[in-house]
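J.: Listed below, chain by chain, are the residues.
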Amino acid sequence: MAVFRVLFGVIMAISLVRFWYNGWIEELYLLPKMHFHYSGFEFINVPGKWTYLVFIICFVASICVALGWKYRLSILVFFLSFTFIELLDKTTYLNHYYFITVVSFILIWLPAHANYSVDAYKDDTLRSEYIPQWTVDILKLMLAIVYIYAGLAKLNYDWMYRAMPLTIWLPTKFDVPLLGSLMHEKWVHYLFSWGGAIYDLLIVFLLLWNRTRVFAFILVLLFHVLTRVLFPIGMFPYIMIAGTMIFFSPQFHERFMDFIINKLPVNKSTFHNGMSLEHSSIPMVHKIILSSFMIFQLLFPLRNTVLTDNVYWTEQGYRYSWRVMLMEKTGYANFKIVDGESQKRFYVQNDDFLTPLQQKQMSTQPDFILEYAQNLSKHFSAQGHKNIEIYVESYAALNGRQNQAYIDPDVDLLSVTYRELCQNHIIPLYD
Amino acid sequence: MKSITSIILLLSLGLIVFVSCGDTEEPIEIITDRFDRQDMLTDWADMIIIPALESYNTSVARMASDKDAFIAERSDMHLEQLRESYVNAYLAWQHVSMFDIGKAEEIRLRNYTNIYPTDVATIDKNIASQNYNLELPSNYDAQGFPALDYLLYGMGENNAEVISTFADDNTVTYLDDLVTRMYNLSELVLVDWKTNYRATFINNSGASGTAAVDKMVNDFLFYYEKFLRAGKIGIPAGVFSGNPISAAVEAPYSKIYSKTLFLEAFGAVQDFFVGKSFDGNGQGESLESYLIYMQEQNNTTDIADQILDQWTIATAAADLLSDNLQEQVITDNNKMLSTYDELQKVIVLLKVDMMQSLNIQVDYVDADGD
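For the record, the sequence lines run as chains A and B.
Just add 130 to the spot in the first sequence (first one is 1) and you have my numbering.
So in my numbering, spot 282 of the second sequence is number 262, and the numbers just go up one at a time.
It cannot be assumed that every hint is accurate.
What the hints assert, rightly or not - Below, simulated BS3-like cross-link-like pairs (lysine-lysine); rule was C-alpha separation at most 27 Å, straight line: (1) Lys220(A) with Lys474(A); (2) Lys200(A) with Lys220(A); (3) Lys220(A) with Lys466(A); (4) Lys174(B) with Lys256(B); (5) Lys466(A) with Lys200(A); (6) Lys252(A) with Lys398(A); (7) Lys256(B) with Lys206(B); (8) Lys163(A) with Lys195(B); (9) Lys516(A) with Lys474(A); (10) Lys474(A) with Lys315(B); (11) Lys252(A) with Lys466(A); (12) Lys315(B) with Lys466(A); (13) Lys325(B) with Lys195(B); (14) Lys83(B) with Lys256(B); (15) Lys195(B) with Lys83(B); (16) Lys252(A) with Lys303(A); (17) Lys235(B) with Lys83(B); (18) Lys474(A) with Lys174(B); (19) Lys206(B) with Lys303(A); (20) Lys163(A) with Lys206(B); (21) Lys466(A) with Lys325(B); (22) Lys508(A) with Lys206(B); (23) Lys516(A) with Lys163(A); (24) Lys270(A) with Lys200(A); (25) Lys325(B) with Lys474(A); (26) Lys174(B) with Lys195(B); (27) Lys256(B) with Lys195(B); (28) Lys206(B) with Lys195(B); (29) Lys163(A) with Lys466(A); (30) Lys466(A) with Lys206(B).
It should be emphasised that the hints constitute simulated quantities derived from the structure, not laboratory data.
Assemble the whole structure, with the sequences as input and the hints as a guide.
T.: Structure follows, in structure tokens:
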């Protein structure tokens, strides 16, 4: 648990610095003229230059989490500031950012600072060498959810039988060292597709079982390093590699922490006090919150099954359900502003309003298209246009299929809700 | 029980060996049938881009010498001569504009050469004050071909009137400065391609946001969408404003060249797509051949054919336009709109299907994905 806390804090700190260093704060949050909001969080807006302050707060909090200094406060601050950043614009939604939000939420309610932390060092009533098994198991469960749902999501026709989207992605990786020359081979695409699915489905079980754990961890390393080399997925591989270390035995974790402590002017025996944190000393509220949250995590990713026939086409229930690297979708959306009375019309140049990344995300996702239309309506009515109706001519191509009309071009986007748009106005995908 | 562990370890070792063997033994035969991005880049540079830049440079040089002749003797004949070389240089420019990469991108060649409609008020102010800095972005639309169009055609009703405005030395200086600057910029870009950038371009043959193919394709799309489709046809036709803006056509003062300039640019776009060499005598690797290669690999639809077919339809629509697009907008804007619609239909094929097939991201922030 302590290892998890320390690595989590450190990797988060590195991620935040990397994000800043790459200029993404400016590119993703400050430069865009409009932002796409998560439904229910429309009130969260980019606080201009203060965004940098939020990143600093988040960074400091992640360091404090790693150190275990004022842990409860710092993990809470981390969760809030990180989630705040994520809520600024859903253009930047990534499963691994969501994963971080989820894990940091769980960590708020866990005694991850009970040992090997500044808090525990200072406070010997807190310091405990042993903590209840379930507090560790809950993190394993969360990782299991991520892997297994990701694996189940791969069991679809495109991934298994068409080796899509890997067939599109891999051939352009011809300049990867060693493996480059294989990347256009059809069998490699299938090998990676099937291998990835099997890996995701089984890895948790291999990690759980004592005898296969070391082998499983080697697989974890291989798999995530490979994905790191092949795809632009940032810090995610490191997060997962560090995360899976939670499956190792308590003895391993103890040695790992002692190794670090030995470098510090602190006597490691301080932390080996033989005390255990009793199950009963963890507040009931925490247990209730955690167990309901885990039930939610088990059910929520499945919501697409009641919402839609093809989650990749309509994108209903796509987010927060661990669908990682599963589709290549390209789109194009051309918005027509019509004066309902005079029938005068003109088209919008999207780059007047959106960054290239926003255009890319917008053109393939109905909720973005709708919100953009609503923003356009505000913009043009402020300019004095009247009786505004907005139509979209949109096309999308999924996993190597030819482009198809996406949203019904005859529906006035200002007259429908998101639910209506999805239910009635997405033109079904045909093969 | 120990044996299970060792079996598994052996298996994993075997897997590693298997994977690493796979790539040491096989590649030779494979590489040959792979589409070679570097070949395509080489063909682009040697068969299209550099020859187009050379031709542009030569025609601007010609325009510069005709300008000198006109300044020396401001006669009807010399004006006509200068106008002729102006039109030729403008046509040559249509083959260069889309290559906004390398030095051209760095010095913003396109912004200094062909931003229109030109700003007559600023030009008049610059001429009167003789105090201007053409390097300032605020002077983008007071220089280049659009400004020349105004100086050579727009300052009077007939030749005599135009020539009479050049009695003013300030106007002469401005003309001199504009043409000299255009020559210097074209020289800068051409020399850089020949001495330096060609190698950079060709060797940047990987596949990433910054690789030459990805960048070139993005530039090509951007040019097609913004400068050809919107700039030359869509904006004057009022597609983005509701009302036609006839003053926004290219070269409005010389009147009769706007359609020719458009067709020249449209032809250059299609030539680039199919890899036709600038001199018309050869064919290299191209987006078309790349798409056909990917189509055969993945059994997908014939995107390249669809693109070319649609361009044929667009050309037919454009053929119906009058030589003077400004007049066309005023008299029968529907022909402009239908040309625009046909040009527009290709955008979906280019931006969605081609980009997906070649796995090139539309100019993206180099951000993480998952």
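J.: Each of the hints needs a verdict: does it hold here or not?
T.: To see whether the hints hold, each was checked on the structure:
no.	hint	verdict
1	Lys220(A) with Lys474(A)	33 Å, violated
2	Lys200(A) with Lys220(A)	31 Å, violated
3	Lys220(A) with Lys466(A)	24 Å, holds
4	Lys174(B) with Lys256(B)	20 Å, holds
5	Lys466(A) with Lys200(A)	54 Å, violated
6	Lys252(A) with Lys398(A)	14 Å, holds
7	Lys256(B) with Lys206(B)	23 Å, holds
8	Lys163(A) with Lys195(B)	25 Å, holds
9	Lys516(A) with Lys474(A)	11 Å, holds
10	Lys474(A) with Lys315(B)	17 Å, holds
11	Lys252(A) with Lys466(A)	64 Å, violated
12	Lys315(B) with Lys466(A)	19 Å, holds
13	Lys325(B) with Lys195(B)	23 Å, holds
14	Lys83(B) with Lys256(B)	23 Å, holds
15	Lys195(B) with Lys83(B)	14 Å, holds
16	Lys252(A) with Lys303(A)	51 Å, violated
17	Lys235(B) with Lys83(B)	32 Å, violated
18	Lys474(A) with Lys174(B)	50 Å, violated
19	Lys206(B) with Lys303(A)	30 Å, violated
20	Lys163(A) with Lys206(B)	20 Å, holds
21	Lys466(A) with Lys325(B)	15 Å, holds
22	Lys508(A) with Lys206(B)	25 Å, holds
23	Lys516(A) with Lys163(A)	23 Å, holds
24	Lys270(A) with Lys200(A)	25 Å, holds
25	Lys325(B) with Lys474(A)	21 Å, holds
26	Lys174(B) with Lys195(B)	19 Å, holds
27	Lys256(B) with Lys195(B)	20 Å, holds
28	Lys206(B) with Lys195(B)	16 Å, holds
29	Lys163(A) with Lys466(A)	20 Å, holds
30	Lys466(A) with Lys206(B)	17 Å, holds
When held up to the earlier numbered hints, the structure conflicts with 1, 2, 5, 11, 16, 17, 18 and 19 and fits the remainder.
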